[in-house]
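Peer 1: Sequence:
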Amino acid sequence: MLYVVGTPIGNLDDLSLRQAKTLLSSQIILSEDTRSTHFLLKKAGELLRLPPPADIKLISYYKEKELEKLPQILEWLHQEKIISLISQAGMPLISDPGYLLIKQVIKEQLPLTVIPGPSAITTALIYTGYNLGNFCFLGFVPKKQGDFRQLLGKLAANQTNFPEMLYVFFESPHRINKTLKTIDDTCPQAKITIARELTKKFEEISRGTAQELLTKTYKGEITLLLRF
Numbered sequence: 310m311l312y313v314v315g316t317p318i319g320n321l322d323d324l325s326l327r328q329a330k331t332l333l334s335s336q337i338i339l340s341e342d343t344r345s346t347h348f349l350l351k352k353a354g355e356l357l358r359l360p361p362p363a364d365i366k367l368i369s370y371y372k373e374k375e376l377e378k379l380p381q382i383l384e385w386l387h388q389e390k391i392i393s394l395i396s397q398a399g400m401p402l403i404s405d406p407g408y409l410l411i412k413q414v415i416k417e418q419l420p421l422t423v424i425p426g427p428s429a430i431t432t433a434l435i436y437t438g439y440n441l442g443n444f445c446f447l448g449f450v451p452k453k454q455g456d457f458r459q460l461l462g463k464l465a466a467n468q469t470n471f472p473e474m475l476y477v478f479f480e481s482p483h484r485i486n487k488t489l490k491t492i493d494d495t496c497p498q499a500k501i502t503i504a505r506e507l508t509k510k511f512e513e514i515s516r517g518t519a520q521e522l523l524t525k526t527y528k529g530e531i532t533l534l535l536r537f
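Residue 514 in the working numbering sits at position 205 of the sequence shown, and the numbers go up by one each step.
It should be emphasised that the hints constitute simulated quantities derived from the structure, not laboratory data. Only a predicted model underlies this, so the values are computations on that prediction, with no experimental measurement involved. Some hints could be false.
Below, simulated BS3-like cross-link-like pairs (lysine-lysine); rule was C-alpha separation at most 25 angstroms, straight line [as the list claims (entries may be wrong)]: (1) K490 to K500; (2) K487 to K500; (3) K390 to K372; (4) K330 to K351; (5) K500 to K463; (6) K374 to K452; (7) K509 to K528; (8) K510 to K352; (9) K525 to K453; (10) K453 to K372; (11) K500 to K525; (12) K330 to K352; (13) K330 to K366; (14) K452 to K528; (15) K452 to K525; (16) K490 to K525; (17) K416 to K378; (18) K412 to K390; (19) K366 to K378; (20) K525 to K487; (21) K510 to K525; (22) K510 to K453; (23) K509 to K352; (24) K352 to K390.
Based on the sequences and whatever the hints tell you, model everything.
Peer 2: In C-alpha cells form, the structure reads like this:
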C-alpha cells in the first residue's frame, strides 16, 4: 500500500492524528528531507503517546532521484510493503516529487490512499479576502523574467473571460524583488498578496500593488497571489 501523506507546512502542531498513525505504521517512508522526517516522527509519537518504531526505513526521495528509485519502490509495493510518501512540507506532488511514482502506481493498479493535510496554496488564498470560486496554481514563478513577462501578458488577456480569477505562485525570497519589478513593469495595476512563512512564528501577510510591496524586505518561504 502506498500512502501519500500531507504534512505540516511549518507548524508541527498541525499534524493530524490520521497522519501520525499512518506514518508510525509505515515500514518505509519516502522523504524529500530525511532529517526533518525525524522531527516529524518524534511529533507523531508524542501525539499518539508512542515511541516511533526504530525499524522504519527512511529513503531520501527527491526530484533528481525519482526515476532511479522507481523500480525498487514498485518492487516493495508488489511485496505489499506499507510505504508513505511525504514532502518536506505540505502535500506531495504540489511542486514536489512523486508524480512518476503515482502515475506508475495507478497504471499498475496498486493500492493507493491519500491522507490530506495542510497546503500553503489554500491557506494563502484565505488571506486575500477575495471570492475563491476561481483560482489557478501555476507553481514556481518562471526563472527567466522574459518568460514571466510573457506569462503575465497571457494571464492579463485571459482576465476578460475570468474576471475574478486569482493566480497563485511559489517564489523564493532572493527572487521576489525581481518578480515584483517585472509585475510592476508589465501590469502595475495588479493586486498582490504575499503570504510569508505561513503557520510559523514569523508569519506575515502583505497586500498591495507591486510598487507598494517593493518597499519591504521578504525572508522565508513565499506564496504569491495575483489578481488583475
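Peer 1: If a hint holds in the structure, say so; if it does not, say that too.
Peer 2: Status of the hints after comparison with the structure:
Restraint check: the Cα-Cα separation between K490 and K500 comes to about 14 angstroms, which is no more than 25 angstroms; the hinted pair holds. Under the criterion of a C-alpha separation no larger than 25 angstroms, the hint pairing K487 with K500 is consistent with the structure, at around 17 angstroms. Proposed proximity of K390 and K372 is supported: the alpha carbons are some 22 angstroms apart, at most 25 angstroms. Only pairs whose Cα atoms come within 25 angstroms are accepted, and K330 paired with K351 is accepted, the gap being roughly 12 angstroms.
Distance check on the hinted pair: K500 and K463 sit about 16 angstroms apart at the alpha-carbon level, within 25 angstroms; holds. For the hint linking K374 to K452, the alpha-carbon distance of about 22 angstroms falls within 25 angstroms, and the restraint holds. Under the criterion of a C-alpha separation no larger than 25 angstroms, the hint pairing K509 with K528 is consistent with the structure, at around 12 angstroms. Annotation: proposed proximity of K510 to K352 holds, straight-line Cα distance about 18 angstroms (limit 25 angstroms).
At roughly 23 angstroms between alpha-carbon atoms, K525 and K453 fall within 25 angstroms of each other, so this suggested pair holds. For the proposed pair K453 and K372, the alpha carbon gap of about 21 angstroms is at most 25 angstroms, so the pair holds. A threshold of 25 angstroms between alpha carbons decides the hint, and for K500 with K525 the separation of about 16 angstroms falls inside it, so the pair holds. A distance of roughly 11 angstroms separates the Cα atoms of K330 and K352; the hinted pair therefore holds under the 25 angstroms criterion.
About 16 angstroms separates the Cα atoms of K330 and K366, which keeps this hinted pair within 25 angstroms; it holds. Distance check on the hinted pair: K452 and K528 sit about 18 angstroms apart at the alpha-carbon level, within 25 angstroms; holds. Distance check on the hinted pair: K452 and K525 sit about 21 angstroms apart at the alpha-carbon level, within 25 angstroms; holds. For the hint linking K490 to K525, the alpha-carbon distance of about 13 angstroms falls within 25 angstroms, and the restraint holds.
This hinted pair checks out: K416 and K378 have alpha carbons roughly 17 angstroms apart, not beyond 25 angstroms. For the suggested pair K412 and K390, the alpha carbons sit about 18 angstroms apart, so the restraint of at most 25 angstroms is met. For the hint linking K366 to K378, the alpha-carbon distance of about 14 angstroms falls within 25 angstroms, and the restraint holds. At roughly 13 angstroms between alpha-carbon atoms, K525 and K487 fall within 25 angstroms of each other, so this suggested pair holds.
Of the pairs offered as hints, the one joining K510 and K525 holds, with about 19 angstroms between alpha carbons and a cut-off of 25 angstroms not exceeded. A C-alpha spacing of about 32 angstroms is found between K510 and K453, which places the hinted pair above 25 angstroms, so the restraint is violated. Of the supplied pair hints, the one linking K509 and K352 holds, its CA atoms being roughly 16 angstroms apart against a limit of 25 angstroms. For the given pair, K352 sits about 23 angstroms from K390 by alpha-carbon distance, which is consistent with the 25 angstroms threshold.
Checked against the numbered hints above, the structure violates only hint 22.
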